[in-house]
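Colleague: Here is how the chains run, residue by residue.
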Amino acid sequence: MNIQAPLTDEIVAKLRAGDKVVISGTLYVARDAAHKRLVEAMARGEALPFDPQGQIIYYMGPAPAKPGQAIGSSGPTTSGRMDSYAPRLMEVGLKGTIGKGSRSQPVKDAIKKHKAVYFAATGGAGALIARCAKKAEAIAYEDLGAEALLKLEVEDFPVIVINDIYGGDAYEDGVRRYAIAD
Amino acid sequence: MREIHCDTIAEAVERLSMEANYFLGDDVLLSIQGALRKEESPVGREILEQILQNALIAREDEVPLCQDCGYTVVFAELGQDVHIAGGDFNEAIAEGVRRGYAKGYLRKSVVAHPYASRTNTKDNTPPVIHVQIVPGDKMRIIVAPKGGGSENMSALGMLKPADGKDGIIKFVVETVRKAGANPCPPIIVGVGIGGTAERAMFQAKHSLLREVGRPSENEEDADLERGILAHINKLGIGPMGLGGRTTALAVHVESQPAHIASLPVAVNIQCHSARHKEAIL
Numbered sequence: 001m002n003i004q005a006p007l008t009d010e011i012v013a014k015l016r017a018g019d020k021v022v023i024s025g026t027l028y029v030a031r032d033a034a035h036k037r038l039v040e041a042m043a044r045g046e047a048l049p050f051d052p053q054g055q056i057i058y059y060m061g062p063a064p065a066k067p068g069q070a071i072g073s074s075g076p077t078t079s080g081r082m083d084s085y086a087p088r089l090m091e092v093g094l095k096g097t098i099g100k101g102s103r104s105q106p107v108k109d110a111i112k113k114h115k116a117v118y119f120a121a122t123g124g125a126g127a128l129i130a131r132c133a134k135k136a137e138a139i140a141y142e143d144l145g146a147e148a149l150l151k152l153e154v155e156d157f158p159v160i161v162i163n164d165i166y167g168g169d170a171y172e173d174g175v176r177r178y179a180i181a182d
Numbered sequence: 001m002r003e004i005h006c007d008t009i010a011e012a013v014e015r016l017s018m019e020a021n022y023f024l025g026d027d028v029l030l031s032i033q034g035a036l037r038k039e040e041s042p043v044g045r046e047i048l049e050q051i052l053q054n055a056l057i058a059r060e061d062e063v064p065l066c067q068d069c070g071y072t073v074v075f076a077e078l079g080q081d082v083h084i085a086g087g088d089f090n091e092a093i094a095e096g097v098r099r100g101y102a103k104g105y106l107r108k109s110v111v112a113h114p115y116a117s118r119t120n121t122k123d124n125t126p127p128v129i130h131v132q133i134v135p136g137d138k139m140r141i142i143v144a145p146k147g148g149g150s151e152n153m154s155a156l157g158m159l160k161p162a163d164g165k166d167g168i169i170k171f172v173v174e175t176v177r178k179a180g181a182n183p184c185p186p187i188i189v190g191v192g193i194g195g196t197a198e199r200a201m202f203q204a205k206h207s208l209l210r211e212v213g214r215p216s217e218n219e220e221d222a223d224l225e226r227g228i229l230a231h232i233n234k235l236g237i238g239p240m241g242l243g244g245r246t247t248a249l250a251v252h253v254e255s256q257p258a259h260i261a262s263l264p265v266a267v268n269i270q271c272h273s274a275r276h277k278e279a280i281l
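Keeping their order, the protein sequence lines are chains A and B.
Residues in the first sequence are numbered from 1 upward in steps of one, following this note's numbering.
Residues in the second sequence are numbered from 1 upward in steps of one, following this note's numbering.
Derived from the structure by calculation, the hints contain no laboratory data.
Any given hint could turn out to be false.
As the list claims (entries may be wrong) - No more than 27 Å apart at the CA atoms, straight line, and that leaves these computed lysine-lysine pairs for DSSO-like:
(1) A:K20 x B:K38
(2) A:K20 x B:K178
(3) A:K151 x B:K38
(4) B:K103 x A:K151
(5) A:K134 x B:K108
(6) B:K234 x B:K178
(7) A:K36 x B:K122
(8) B:K138 x B:K277
Stated by the list, open to error - Covered stretches of chain B (chain A as the covering partner; in silico rule of three or more C-beta atoms under 8 Å from a C-beta of chain A):
(9) 35-43
(10) 47-56
(11) 63-74
(12) 240-249
All values reported here derive from a predicted model rather than from experimental measurement.
Where is the CB? At the ideal position from N, CA and C, for every residue including glycine.
For reference, chain B alone in the conformation it holds in the complex (with noise of 0.2 Å):
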């Protein structure tokens, strides 16, 4: 049994909800620096070129990358052998968004009824807290803050089983396609397959956290990623939508077991600010 207080919780996310917004990681800007080698279209090599330039400005500056500073995502992966003391675990999250948005200069984007009044809530909560029990006494918090714009791209397709790996590729190549320039390209696509409605959607948020690009370990997964990714780049939306090869970054699939009658494939689109920052409890 260890011990995690609610402080350290709270300090942990205030200053990784600084970070992501202002740091954007290795694997992104390899990953666009590859694209742009490969980007015929000259204005989308210069949109590449800024976006890079918008990095190193962000980074400099520690300003945040995007206006739009998210939806604070948070993923626990809480060992089983850890109790929290000291306060309530989802408040501490919480207060540590509040702290982090609030000290960072960060865009306060998020509206306490979704439909009605749609007051701001001024401090960037509630969080989204996702928690999984996994073995061990450590805590592994991932702050993954979501973009509205690309999160806004994003859809739930109940596909029968018989329309198999064809049908997959189709419906998340035509979400990619009806989004166009919306989601920011170029895009990291996250998609869930199996579960059920929710748990897919989950899955499909949660492979955002891979590194750009690297496969699945699961070798019909890391196929089908090929299969959608090339597929997606020959739709020739490119950089913010304006032409080119690079539409899609990567595609990144999290399968699971499904029912028998069911063939749930959720797509997330993540944009160019693939932004998430995590430490070790």
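Extracted from the complex, chain A is given alone in its bound form (with noise of 0.2 Å):
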């Protein structure tokens, strides 16, 4: 399945746990540092340096780019280290998260809530993703070096849906189909 970011409500609908998808568009790319930074904005009641409805933000800190590439080496960072922001911001309006590893249960209610998606993409791969990145550019907290606030323009990211707005999981979905008791 090919979709184009920013999501909407109906994109969101069709996805279920265990899609493979891919994304072309525009990603913001924020890890722990700059969701701190975002979260605190947002509670001094200052505009964010995005407009989040819609948009799916990429968890991730890139290598440096070399001379010819858009992008350093960009495959996604562990998830969890930002379910305690995740909530907030599909409360005004981000649709989507890609990063690896699971969320936390307040942040799998947070999804069905807000009609929002996670996906996974593959941890390690970073060479292979960044070939997917067309344009990269610093938009926010560029002090944080690796973990600024970056506009990223994606052609053909493949994803994989982990939770959907349907209470779907396909990490909880694996590991039923292949654990053997013992």
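Assembling the complex is the task here: the two chains are given apart, and the hints tell you how they should meet.
Modeller: See below:
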């Protein structure tokens, strides 16, 4: 399934845990430190560096780009560390997150409540994923270096739906299918 | 008495830092290819193929396998007949990391203070340096960048001697189960048993330097490795946690004498970007 970012309720409703999806369009890249600043800005009533409505955040901190690359190696980081921030951002319209590893129950609940989706990209496939990036620019928090907030244009970025709005969970499905009782 | 100059050390660390990040070891590749042949899960097989393809791209383009170029862990086996000349040994290694991470377009992932300000040191220093004094007049230096994701899933259990072999297996398997998809399976599981708490964790990390899947020379440890691996691969976590038979490529156990009251068991998890390169100076 090919989908275009930013997302709509319609697109999100079609996605089911385990679906293989290819994303093209705009992603916003943020991880631990940037999320802390985003949420603190919201608490102070300040505008965010980007309008989160319909957008997808990719949890990632890239390696520096070599000459000729739009971005350096850019595989996902572990999403669980952003769990405490994700529901707040979904409240203000964030529709998708991409990372790796399982999300907490509050995040899964927020995904159902706010009609959002969580995707996993292949961890460690940094060089492969970098080839999907066409353009990258820092839009805020440049002082954070590898943790700066980026706007990333991607083409054909392969991901898998982990958590959908129906309560599906691809990690739980996987273990259920392949675990052998001892 | 043989002299090794600090410049030589810095140059080696600089080169090894880059090589470790670009060129995945043949033993790791072979192990993943073997897993690919045996994996029953279709999405699991796709993930393993992506990992192999990624390794090819990283090698060809000389770019990091993973964006997390790791906390640089350096093992130095220093011959006791070596004299380090021309500077400070620890600083020479740090300088090598600094240069390698700058020149090699590697990510700088170290913050100066672990809590409070967490300001990036901007050059991936300081490295963690483990020195062992060995016989002879050479220095064997191994640069092993360690990613945060897998490192975060590590664990130490101070078991009771009565817990025994079964207790060890239970602790290691439970550690892997709780980690799930987070450490980027397929993983290599380093297990350090015995010694004291910090020694066990060192052994667990050190075991990750072994050729993937080569059994321990100690027959009891080799048997334990096989047992733990079998249990882990029944968990069904699979490549990237999406379900499958290959959760771990290998388990490496390093054990040593323990206190009469203790059974320390340290688990250090390695992701599939199992990176280490070495040189003999």
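Colleague: Would the hint linking K134 (chain A) and K108 (chain B) be met if the CA-CA limit is 27 Å?
Modeller: holds (23 Å)
Colleague: When I compare C-beta atoms, does the region 47-56 of chain B have three or more residues closer than 8 Å to chain A?
Modeller: It holds: at least three residues are needed, and the region 47-56 of chain B offers 5 whose Cβ sits within less than 8 Å of chain A.
Colleague: With a cut-off of 27 Å on the C-alpha distance, tell me whether K20 (chain A) and K178 (chain B) pass.
Modeller: holds (25 Å)
Colleague: Taking only the CA atoms, is the gap from K234 (chain B) to K178 (chain B) under or equal to 27 Å?
Modeller: Given that 27 Å is the threshold and the Cα spacing comes to 14 Å, the pair holds.
Colleague: Regarding the pair K151 (chain A) and K38 (chain B), is the alpha-carbon distance no greater than 27 Å?
Modeller: violated (40 Å)
Colleague: Do three or more residues from the region 63-74 of chain B put their C-beta atoms closer than 8 Å to C-beta atoms of chain A?
Modeller: holds (count 7)
Colleague: For the pair we were handed, K103 (chain B) and K151 (chain A), check the Cα-Cα distance against 27 Å.
Modeller: holds (25 Å)
Colleague: Is the straight-line distance between the alpha-carbon of K20 (chain A) and that of K38 (chain B) 27 Å or less?
Modeller: Since the Cα atoms of K20 (chain A) and K38 (chain B) sit roughly 22 Å apart, the hinted pair holds (cutoff 27 Å).
Colleague: When I compare C-beta atoms, does the region 35-43 of chain B have three or more residues closer than 8 Å to chain A?
Modeller: Held - the region 35-43 of chain B has 3 residues with a Cβ nearer than 8 Å to chain A, which meets the minimum of three.
Colleague: Can you confirm whether the C-alpha distance between K138 (chain B) and K277 (chain B) stays at or below 27 Å?
Modeller: holds (17 Å)
Colleague: Within a Cα-Cα threshold of 27 Å, do K36 (chain A) and K122 (chain B) meet the stated pairing?
Modeller: holds (20 Å)
Colleague: Would you check chain A against the region 240-249 of chain B, counting CB to CB pairs closer than 8 Å, and say if three or more residues qualify?
Modeller: holds (count 6)
When the structure is compared with the earlier hints, a violation turns up for hint 3 alone.
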